[in-house]
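If you want the building blocks of each chain, they are given just below.
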Amino acid sequence: MSLKDQLKIMVVDDMTTSRGLIEQAMNEIGIWNVVSEADGQSAFRTLMAKPVHLVISDYNMPNMDGLQLLEQLRLSKATARIGFILVTGRADNAVLQKGRQLGMNNCLLKPFSVPQMKACIEKVVGRL
Amino acid sequence: MSALLDGFFEECGELLESVFEGLSALEADGGDQEAVNAVFRAVHSIKGGAGAFGLEALVAFSHVLENALDAFRSGAAQIGSKEVQLLYEAGDHLSDLVERAARGQVSGGEMPDLHRALEGICGAVDQEEDAGLDFQPLTLDILPLEPEPAAGFDIVFRPHATLFENGHEPALMLRELGELGAIDVVADLSALPTLDAGLAKTPVLGWQIGLESDCHRAQIAEVFEFAEGLCDLEIIARDAEGLKVEDPVTQSDIDRPEVVERAPARETIRVDLARVDRLINIVGELVISEAMLRQAMTEIPVAKYGPIEAAMGQFRQLSGQLQESVLAIRAQPVKGLFQRMSRIVREAAREAGKEARLVTHGSATEVDRTVVERLVDPLTHMIRNAVDHGLEDSDRRQASGKASTGTVTLSAVHRSGRVVIELQDDGGGIDRERVRQIAIDKGLVGESDELSDAEIDNLLFRPGFSTRSEVSNLSGRGVGMDVVKSEIQALGGRVSIHSEFGVGTTVTISLPLTLAVMEGMVVETAGEILVVPTTALRETFKASNAPLHALGAGGHVLNRRDGLVPVFDLGSALGFRTAPGEYGDHSLLLVETEAGRRVAFAVDRIRDQREVVIKGLQQNYQEIPGVAAATILGDGRIALIVDADQLAEPAVRGGAELYGGAGYVQ
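Chains as they are written, first to last, in our numbering: chain U, 1 to 128; chain H, 1 to 666.
Hints listed in this document are in silico derivations from the structure and should not be mistaken for laboratory results.
In this text the structure is predicted, and so the values were computed from the model without any measurement.
One should not assume that every hint holds.
[To be verified] Partial chain H-side listing against chain U, Cβ under 10 Å, derived:
{"id": "1", "residue": "Val-59"}
{"id": "2", "residue": "Asp-134"}
{"id": "3", "residue": "Phe-135"}
{"id": "4", "residue": "Glu-222"}
{"id": "5", "residue": "Arg-561"}
[Unchecked claim] In silico EDC-like pairs for lysine to aspartate or glutamate, Cα to Cα no more than 16 Å straight-line:
{"id": "6", "chain 1": "U", "residue 1": "Lys-123", "chain 2": "H", "residue 2": "Asp-141"}
{"id": "7", "chain 1": "U", "residue 1": "Lys-123", "chain 2": "H", "residue 2": "Glu-392"}
{"id": "8", "chain 1": "H", "residue 1": "Lys-402", "chain 2": "H", "residue 2": "Glu-392"}
For every residue, glycine included, the Cβ atom is placed at its ideal position computed from N, Cα and C.
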């Protein structure tokens, strides 16, 4: 089984549009095993029951932002080893710094192209 | 891609709503951090989406706005009332850019001054942004997802009596379990008492369940979530060979994610409007067929009627509820509409060189979507009027001891099955002497006419009336208050104006909650069945008992305590017959128009009063003067719904000519 087929990914974004864009990118890359959630809370709840390999999450979300979700994931044994890519609209050093401390695997600046997204994932999991 | 793009613009609408919501919170209590955050988040989301779709102008502007908001957020810049106004302006511009982008205009429409003003705020923020992300990726080994999915589970489930006492049903849980995979359920009958031992008082059944599924344990636990503590439950995972792969875990051991519960966001789905309309139409038909059924029942002998009656009552109640619920789908809060109006106030004030603010009440009040949409134009015009003509300029306000900023208050409230929207300004009020003089100059009223205050105020709604000699950029856009009035009336609404000199003016609009049904009086005349909307109806009586006086050739007036009311044959007005010379057996309906004029319609017979489903004529036929719409009655016949206001006009005019006076005779 190739890595693409094996890889299971969750997309987290409160905006339907951006969620759709990331899902569409996954589709074009050829990653089929994709689930998505519209907020950090439900993402965390779902991941507790059904973990994935990699979470691709937006940073800017109400109630629980991307980094808070990452923190929650790292705190719980069942989800601590899930990979995490943060998608953000701003190159904010403080955010990157905090992400690094929390064990964020990679990040991507919006707007992104499909090859950029692919490269970003490959840097974490290896060649797709 | 285009579906995503459409979705983006739709989402932008919601995001812009949050922007203005945040701004009004900022305006109300200064530097609320959460309000700034909310505005920032919304603008940021717009920028993100716009970037993905290459909407350059939108990206450029939301970027600088975002930076300014970030400066406020981080405390690098202070937010005061001047800044809030700037942000409002920026929000308005952002709305414009979104609208332009939605129309396919990717660039253009920039406002350099606004851009610079925002840049001035965020000047303090460092602009290292475009340097890109400097981040060392952390690699990850892709292992099979843990825990290794089990091939199946063995579950032992034994309910306690409390489970049944709490109203839970094991069969439903087992069925739900069956949705996770193939299940094999064996009932444990060992505790079942023999027949002669009598009835068991405590539950005696248990089940052993084999589940073949690669689902996670938590999903199984979820099925039994509500049975927690009300049963014995064991879930044991096994691998393909049927061996236990884990120690048994009992219900209490299952770790539950400790998540702080927040109030759940309202769950919504997006539905094509056409589907909702179809549903509304069907329910409308259902209401009609219910009426038909009721009609048919009146012909059944009472002995047989009785048993059906109860069922019929329930049916009627249900169809009523169904109708209400369906209409509620189309209902939406007036919030969006009110927010748009706050922009109109800002713009109008800027153009008129006045200071004004909008205060809204009851923005959660829900009204039919179509009503909301069709209120935009009349309300816009009225708000412009209020700012332009109603409010005085700051100097004059201060001279008369008022706050220098004028206040326009917009409120919505549900009142007896209608929604009442009130627009109030704290301006100078209507200058009645001037209004009267203008009306005389324009020939709308005679020099010697005695007019009450209310009548003078209502002159504003007359076609061709404008108090400003010069056409101002604001209100003078080719629509007068007469157009506002007819638009409101087209929605089945009423509009009235009340003013106190020096204190302010209030315009009140009363609207039906929906355009789909209305209350009407069903009447018969000239062999036709007609419906008169009850909103216009004031009183009904028999012509034979009424103080009728013949007047002129075939004309009649009704003598009322407070004046004479012209009588007018409904059948002949609509061209069904020529007017009868005498009214004997006829019934009279006293109708009052929006302008407060009264006229009595003569009809052959009044049948009953009921709710009717409105079927538009325009789209199926054409507009007919005096007819507002049509409906289908219980017996399947089609009845025209009368436009009382329109019909009353010629009658009143006729009367006015007869008496040489204005309107009706006092």
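Going down the list of hints, with the structure as the test:
no. : hint                  : result
1   : Val-59                : holds, 8 Å
2   : Asp-134               : holds, 7 Å
3   : Phe-135               : holds, 5 Å
4   : Glu-222               : holds, 8 Å
5   : Arg-561               : violated, 63 Å
6   : Lys-123/U - Asp-141/H : holds, 11 Å
7   : Lys-123/U - Glu-392/H : violated, 66 Å
8   : Lys-402/H - Glu-392/H : holds, 10 Å
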